[in-house]
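Visitor: Here the protein sequences line up with chains A and B, keeping their order.
Counting from 1, position 418 in the first sequence corresponds to residue 418 in my numbering; the numbering is continuous, with no gaps.
Counting from 1, position 308 in the second sequence corresponds to residue 308 in my numbering; the numbering is continuous, with no gaps.
Among the hints, erroneous ones may be present.
Straight-line Cα separation of at most 20 Å, EDC-like style, residue types lysine to aspartate or glutamate; simulated pairs [claimed, not checked]:
#: 1; chain 1: B; residue 1: K49; chain 2: A; residue 2: D345
#: 2; chain 1: B; residue 1: K10; chain 2: A; residue 2: E322
#: 3; chain 1: A; residue 1: K101; chain 2: A; residue 2: D35
#: 4; chain 1: A; residue 1: K101; chain 2: A; residue 2: E116
#: 5; chain 1: A; residue 1: K463; chain 2: B; residue 2: E38
#: 6; chain 1: A; residue 1: K86; chain 2: A; residue 2: E68
#: 7; chain 1: A; residue 1: K424; chain 2: A; residue 2: D465
#: 8; chain 1: A; residue 1: K440; chain 2: B; residue 2: D137
#: 9; chain 1: A; residue 1: K342; chain 2: B; residue 2: E274
#: 10; chain 1: A; residue 1: K257; chain 2: A; residue 2: D19
#: 11; chain 1: A; residue 1: K474; chain 2: A; residue 2: E368
#: 12; chain 1: B; residue 1: K10; chain 2: A; residue 2: E317
#: 13; chain 1: A; residue 1: K328; chain 2: B; residue 2: E51
#: 14; chain 1: B; residue 1: K49; chain 2: A; residue 2: D19
#: 15; chain 1: A; residue 1: K328; chain 2: B; residue 2: E279
#: 16; chain 1: B; residue 1: K22; chain 2: A; residue 2: D449
#: 17; chain 1: A; residue 1: K357; chain 2: A; residue 2: E367
#: 18; chain 1: A; residue 1: K52; chain 2: A; residue 2: D35
#: 19; chain 1: B; residue 1: K10; chain 2: A; residue 2: D285
#: 20; chain 1: A; residue 1: K440; chain 2: B; residue 2: D200
#: 21; chain 1: A; residue 1: K342; chain 2: B; residue 2: E279
#: 22; chain 1: A; residue 1: K342; chain 2: B; residue 2: E33
#: 23; chain 1: B; residue 1: K10; chain 2: A; residue 2: E155
#: 24; chain 1: A; residue 1: K86; chain 2: A; residue 2: E45
#: 25; chain 1: B; residue 1: K50; chain 2: A; residue 2: E367
#: 26; chain 1: A; residue 1: K328; chain 2: A; residue 2: E284
#: 27; chain 1: B; residue 1: K22; chain 2: A; residue 2: D35
#: 28; chain 1: B; residue 1: K144; chain 2: B; residue 2: E180
#: 29; chain 1: A; residue 1: K48; chain 2: A; residue 2: D19
#: 30; chain 1: A; residue 1: K101; chain 2: A; residue 2: D152
#: 31; chain 1: A; residue 1: K463; chain 2: B; residue 2: E33
#: 32; chain 1: A; residue 1: K342; chain 2: B; residue 2: E180
#: 33; chain 1: B; residue 1: K10; chain 2: A; residue 2: D449
The set of hints was computed from the structure by calculation and includes no laboratory data.
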Amino acid sequence: MGDDAPAAPALTPVAEPIDWTYAPSRENPDLVSIDDRYGLFIDGEFFKPASKQWFTTLDPSTEEPLAEVALADAQDVDRAVGAARKAFGGWSKLSGAERAKFMFRIARLVQERSRELAVLETRDGGKPIKEARDVDLPLVAAHFFYYAGWADKLEYAFPGLTPEPIGVAGQVIPWNFPLMMLAWKVAPALAAGNTVVLKPAETTPLSALHFARICAEAGLPPGVLNIVTGAGQTGAAVVGHDDVDKVAFTGSTEVGKIIQRQLAGSGKKLTLELGGKGAHVVFEDAPVDQAVEGVINGIFFNQGHVCCAGSRLIVQEGIAEEFVAKLKLRLDTLRVGDPLDKNTDIGAINSADQLAKIEELVAVGQEEGAAMYQPSGDLPVRGYYFRPTLFTGVSQSNRIAQEEIFGPVLSIMTFRTPDEAVEKANNTPFGLAAGVWTQKGSRILWMADRMRAGVVWANTYNKFDPTSPFGGYKESGFGREGGRHGLLAYMKTEG
Amino acid sequence: MNSSVVPLSKALPTPVTATGLKAYLGGVPTVDEVTVTERVASLGTRSIKKESKRAALELAIRMMDLTTLEGQDTPGKVSQLSSKAVRPDPSDPAIPSVAAVCVYPNMVPIAKVAVAGSGVKVASVATYFPSGQAPIDLKVAETKRVVDMGADEVDMVIDRGAFLSGRFIEVFDEIRRIKEACGSAHLKVILETGELVTFDNVRKASMLAMAAGADFIKTSTGKISPAATIPVTLVMLESIRDFRSMTGQMVGMKPAGGIRTAKDAIKYLVVLNETLGREWMTPDRFRFGASSLLNDVLMQIRWLDTGRYQSPDYFTKD
Numbered sequence: 001m002g003d004d005a006p007a008a009p010a011l012t013p014v015a016e017p018i019d020w021t022y023a024p025s026r027e028n029p030d031l032v033s034i035d036d037r038y039g040l041f042i043d044g045e046f047f048k049p050a051s052k053q054w055f056t057t058l059d060p061s062t063e064e065p066l067a068e069v070a071l072a073d074a075q076d077v078d079r080a081v082g083a084a085r086k087a088f089g090g091w092s093k094l095s096g097a098e099r100a101k102f103m104f105r106i107a108r109l110v111q112e113r114s115r116e117l118a119v120l121e122t123r124d125g126g127k128p129i130k131e132a133r134d135v136d137l138p139l140v141a142a143h144f145f146y147y148a149g150w151a152d153k154l155e156y157a158f159p160g161l162t163p164e165p166i167g168v169a170g171q172v173i174p175w176n177f178p179l180m181m182l183a184w185k186v187a188p189a190l191a192a193g194n195t196v197v198l199k200p201a202e203t204t205p206l207s208a209l210h211f212a213r214i215c216a217e218a219g220l221p222p223g224v225l226n227i228v229t230g231a232g233q234t235g236a237a238v239v240g241h242d243d244v245d246k247v248a249f250t251g252s253t254e255v256g257k258i259i260q261r262q263l264a265g266s267g268k269k270l271t272l273e274l275g276g277k278g279a280h281v282v283f284e285d286a287p288v289d290q291a292v293e294g295v296i297n298g299i300f301f302n303q304g305h306v307c308c309a310g311s312r313l314i315v316q317e318g319i320a321e322e323f324v325a326k327l328k329l330r331l332d333t334l335r336v337g338d339p340l341d342k343n344t345d346i347g348a349i350n351s352a353d354q355l356a357k358i359e360e361l362v363a364v365g366q367e368e369g370a371a372m373y374q375p376s377g378d379l380p381v382r383g384y385y386f387r388p389t390l391f392t393g394v395s396q397s398n399r400i401a402q403e404e405i406f407g408p409v410l411s412i413m414t415f416r417t418p419d420e421a422v423e424k425a426n427n428t429p430f431g432l433a434a435g436v437w438t439q440k441g442s443r444i445l446w447m448a449d450r451m452r453a454g455v456v457w458a459n460t461y462n463k464f465d466p467t468s469p470f471g472g473y474k475e476s477g478f479g480r481e482g483g484r485h486g487l488l489a490y491m492k493t494e495g
Numbered sequence: 001m002n003s004s005v006v007p008l009s010k011a012l013p014t015p016v017t018a019t020g021l022k023a024y025l026g027g028v029p030t031v032d033e034v035t036v037t038e039r040v041a042s043l044g045t046r047s048i049k050k051e052s053k054r055a056a057l058e059l060a061i062r063m064m065d066l067t068t069l070e071g072q073d074t075p076g077k078v079s080q081l082s083s084k085a086v087r088p089d090p091s092d093p094a095i096p097s098v099a100a101v102c103v104y105p106n107m108v109p110i111a112k113v114a115v116a117g118s119g120v121k122v123a124s125v126a127t128y129f130p131s132g133q134a135p136i137d138l139k140v141a142e143t144k145r146v147v148d149m150g151a152d153e154v155d156m157v158i159d160r161g162a163f164l165s166g167r168f169i170e171v172f173d174e175i176r177r178i179k180e181a182c183g184s185a186h187l188k189v190i191l192e193t194g195e196l197v198t199f200d201n202v203r204k205a206s207m208l209a210m211a212a213g214a215d216f217i218k219t220s221t222g223k224i225s226p227a228a229t230i231p232v233t234l235v236m237l238e239s240i241r242d243f244r245s246m247t248g249q250m251v252g253m254k255p256a257g258g259i260r261t262a263k264d265a266i267k268y269l270v271v272l273n274e275t276l277g278r279e280w281m282t283p284d285r286f287r288f289g290a291s292s293l294l295n296d297v298l299m300q301i302r303w304l305d306t307g308r309y310q311s312p313d314y315f316t317k318d
């Protein structure tokens with residue numbers, strides 16, 4: 001048999017490594033059809049704004065306009081609040097099981113349309129399609145399913161408390177997770193029997209408007225959910241409206257403070273989910289390669305536009321050099337670019353304003369003497385992009401160690417003892433989230449006891465689940481979203 | 001990828017002693033299973049299309065150790081497999097040969113003749129594969145024997161019993177003696193990760209095998225379930241990266257067993273590409289140990305070329 005070895009010389013394997021690049025693998029942008037213009041969703045229908053004003057929302061990855069959106073003024077907001085007030089009576093009197101039916105229907109429709117909604121979220125906001133597809137949309141559906149399940153069990157949620165909705169909820173949400181933040185706010189509000197006026201962020205209004213259509217399709221009674229689009233003034237009109245009983249805001253600490261001031265003495269219930277400067281504490285005994293992975297995901301997920309982003313790394317001195325070197329290697333493999341490409345890890349910065357803010361703080365970091373590292377490689381010419389960035393040699397007193405950058409920028413500091421780690425982790429005005437990396441179970445508990453943060457993740461980061469409460473300490477806000485706690489924010493607690 | 005080297009301090013101090021080795025392995029970082037699994041799942045969503053898919057499939061063929069390790073093996077079977085190794089697709093001469101055929105010691109002479117002149121290497125398992133439960137002198141003798149018969153590469157198994165009972169120095173010495181016996185033949189060290197069970201063990205065994213002189217580290221014999229998995233491969237690749245930082249040496253990786261589809265092979269290559277980078281994208285530093293993978297890869301290539309899937313009957317089964 002060996003005799004008939006092939007006559008022609010076979011191709012010999014060559015030892016030279018190949019340059020393997022990934023061909024573009026672009027999700028079809030036309031999976032979602034975007035209208036030229038979107039009105040305000042009030043009382044179950046879309047209306048032109050009384051203000052007669054419109055604004056443009058862009059695709060931040062190309063700077064191309066996507067659609068015109070109504071700019072709601074005080075009169076429009078008043079109309080929306082009126083619709084919500086009118087609907088409140090009927091909605092709050094429905095049995096929990098009936099409300100749940102609508103919510104389950106919405107959850108299922110979101111699941112069915114998740115591909116289209118993911119594309120919309122990516123086009124309007126700039127986030128990588130793989131995150132919109134694998135994180136945002138599944139969590140949106142999960143939140144509706146979860147709170148739908150509570151709707152007929154409210155009397156068991158808080159023993160001793162008679163379940164009673166508050167009334168009309170005015171909700172103002174940010175641009176980093178447009179649909180997910182909507183779900184976090186709308187789902188518990190509806191489950192508890194409230195009606196809603198929601199204002200999505202100025203730069204990312206589209207998914208909320210498509211969600212409004214889903215609600216209409218699900219037969220949600222008119223006025224139960226109203227969407228008013230606009231900028232800061234529209235939001236101020238929502239939270240300041242006399243007939244709004246409950247205000248929920250997620251966004252910057254600066255605006256949160258203004259709202260709290262505005263609402264003082266009004267008797268309105270308020271929850272605020274504000275900024276953060278999350279600390280990752282990495283001990284010498286940490287699983288190093290996985291800690292690197294966790295730190296990378298903690299800060300570069302969604303371009304760092306995450307209120308709980310792990311934007312500070314506090315690493316034990318003994319492994320700091322090795323750890324930072326490994327972080328840099330990993331940074332080099334991140335793929336920055338077209339958010340619709342399924343292989344993109346870091347998409348577009350949400351807006352020109354946000355990009356300018358990141359650039360400003362990064363310049364400050366350099367002036368303050370911290371050493372900056374960014375991978376090389378080209379960025380797209382059009383659109384708002386920023387390279388993933390590390391700063392080493394950062395001091396507690398540096399602005400990049402204290403202020404929320406809300407971009408793909410990590411500030412790295414070191415520590416020597418556990419006490420010092422706790423002190424540094426807590427030493428900011430914020431307290432939303434923190435991470436601990438160590439093999440030692442007892443140390444995880446010791447650290448979690450001492451870190452003043454609403455969430456402490458152990459050997460992981462940025463894990464969300466509708467059953468788990470989320471919220472801040474200090475300037476990161478108050479009140480909790482998610483879980484049974486999230487329900488409490490939408491129920492009367494007195495009497 | 002940036003080739004800057006991570007400043008890992010401690011290479012294994014010489015002369016190697018039982019306590020020195022234990023201390024060295026004690027300094028090997030632990031592995032967090034949850035994050036490893038997540039990382040692999042996330043890399044599994046990479047979308048590899050068109051020319052990058054084509055390049056990956058060709059590379060996968062060139063990286064393949066086409067394997068038959070059965071009690072039923074006969075000279076006829078090995079000859080046929082070897083022909084396939086040299087010319088995987090008789091209808092398409094542009095398809096490259098695989099890297100090697102991997103056979104039992106008895107079959108080395110048969111394979112040698114069948115691949116002669118083709119550039120395809122002959123790899124033989126040795127050291128009383130798959131259990132490794134034999135005296136060291138016999139293992140050394142078997143290794144010498146297969147090398148004398150012309151094996152270009154030797155796939156040895158480690159003594160898992162010794163490793164699991166903490167007798168690291170025995171495992172180390174054994175690998176070193178087998179490496180000596182190999183002479184110029186390349187040594188692949190099979191950790192049999194399915195028997196080591198934990199990622200922590202896999203990482204330690206990887207560092208041990210590399211320090212003892214492995215040219216490649218390999219997941220499995222294919223006789224134990226689970227055989228190769230992508231998470232285990234990632235942990236071993238990270239060990240290879242650390243070893244490179246400590247010593248400058250670039251050790252190869254061979255997942256083996258259970259890799260049956262082109263889609264899986266591409267996932268392995270993604271993990272390789274994004275963990276060790278370009279320098280490892282060569283058959284000299286990465287191999288697939290597989291038997292049925294080849295035809296699926298050929299089928300996918302045919303699909304890329306023609307836009308049609310063909311019946312398995314159009315691909316030879318050897």
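Visitor: Each hint: holds or not?
Guide: Tested hints:
1. B/K49 <-> A/D345: Holds, at about 17 Å.
2. B/K10 <-> A/E322: Judged against 20 Å, a Cα distance of about 12 Å means the pair holds.
3. A/K101 <-> A/D35: Not OK: A/K101 and A/D35 at ~29 Å, beyond 20 Å, violated.
4. A/K101 <-> A/E116: 23 Å, violated
5. A/K463 <-> B/E38: 12 Å, holds
6. A/K86 <-> A/E68: 29 Å, violated
7. A/K424 <-> A/D465: 28 Å, violated
8. A/K440 <-> B/D137: 42 Å, violated
9. A/K342 <-> B/E274: 16 Å, holds
10. A/K257 <-> A/D19: 53 Å, violated
11. A/K474 <-> A/E368: 26 Å, violated
12. B/K10 <-> A/E317: Given pair B/K10, A/E317 holds - Cα atoms ~17 Å apart, limit 20 Å.
13. A/K328 <-> B/E51: 29 Å, violated
14. B/K49 <-> A/D19: 15 Å, holds
15. A/K328 <-> B/E279: 18 Å, holds
16. B/K22 <-> A/D449: 35 Å, violated
17. A/K357 <-> A/E367: This hinted pair holds, its Cα atoms lying about 15 Å apart.
18. A/K52 <-> A/D35: 18 Å, holds
19. B/K10 <-> A/D285: 16 Å, holds
20. A/K440 <-> B/D200: 15 Å, holds
21. A/K342 <-> B/E279: 25 Å, violated
22. A/K342 <-> B/E33: 26 Å, violated
23. B/K10 <-> A/E155: Cα-Cα ~61 Å, so violated.
24. A/K86 <-> A/E45: 15 Å, holds
25. B/K50 <-> A/E367: 46 Å, violated
26. A/K328 <-> A/E284: Roughly 18 Å between the alpha carbons, so the hint for A/K328 and A/E284 holds.
27. B/K22 <-> A/D35: 67 Å, violated
28. B/K144 <-> B/E180: Given pair B/K144, B/E180 holds - Cα atoms ~9 Å apart, limit 20 Å.
29. A/K48 <-> A/D19: 54 Å, violated
30. A/K101 <-> A/D152: 10 Å, holds
31. A/K463 <-> B/E33: 16 Å, holds
32. A/K342 <-> B/E180: Violated. A/K342 to B/E180 sits at ~48 Å, over the 20 Å cutoff.
33. B/K10 <-> A/D449: 35 Å, violated
Checked against the numbered hints above, the structure violates hints 3, 4, 6, 7, 8, 10, 11, 13, 16, 21, 22, 23, 25, 27, 29, 32 and 33; every other hint is satisfied.
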